Amino acid sequence: MKNPLTPVLTRFAPHAYTLLRVVAGLLFLCHGIQKLTGALGGHAVAIDSQLGIGAVIELATGALIALGLGTRLAALLASGQMAVAYLQFHWKFALDARFFPVVNQGELAVLYCFLFLVIACSGPGPASADEVLARRGRA
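Each residue of the sequence shown is one higher than the one before, starting from 1 at the first, in the working numbering.
Derived Cβ-Cβ restraints for the label pairs, each shown as a range:
id, residue 1, residue 2, range
1, 103, 38, 20 to 30 Å
2, 1, 38, 46 to 56 Å
3, 131, 9, 19 to 29 Å
4, 5, 134, 24 to 34 Å
5, 138, 102, 39 to 49 Å
None of these hints come from the bench; they were simulated from the model.
These numbers come from a predicted model, not from an experiment.
All residues carry an ideal CB built from backbone N, CA and C; glycine is no exception.
Let's have the full structure, built from the sequences with the hints guiding it.
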């Protein structure tokens, strides 16, 4: 038996993917703003620290991902940063139950890591600066 929602949902898949990319990028950008300025309920960190460098990466890659500009590279960098964040700051390489994200509060890092990996592999989608630039290059 066919699911009657499949054609409708399939039709909106590119739009949903674009929304996912934009929202994920903006949320990631907000994490960078928190760390760099202390705004949005965050605490400012020294820009020359590991957390400060991470904040700059979050700000820059979040903006690029949201815009869909240099999306694959920005998403791959963001994914790698989140993998490091999980391993170093959440799991801490402990050989016990702290490996599990629900125990070490690393769910967001793991989710961002794999979300950005999917975006890196899938590309920017139809509503993106990368697509606009590609269209101009073909014209």
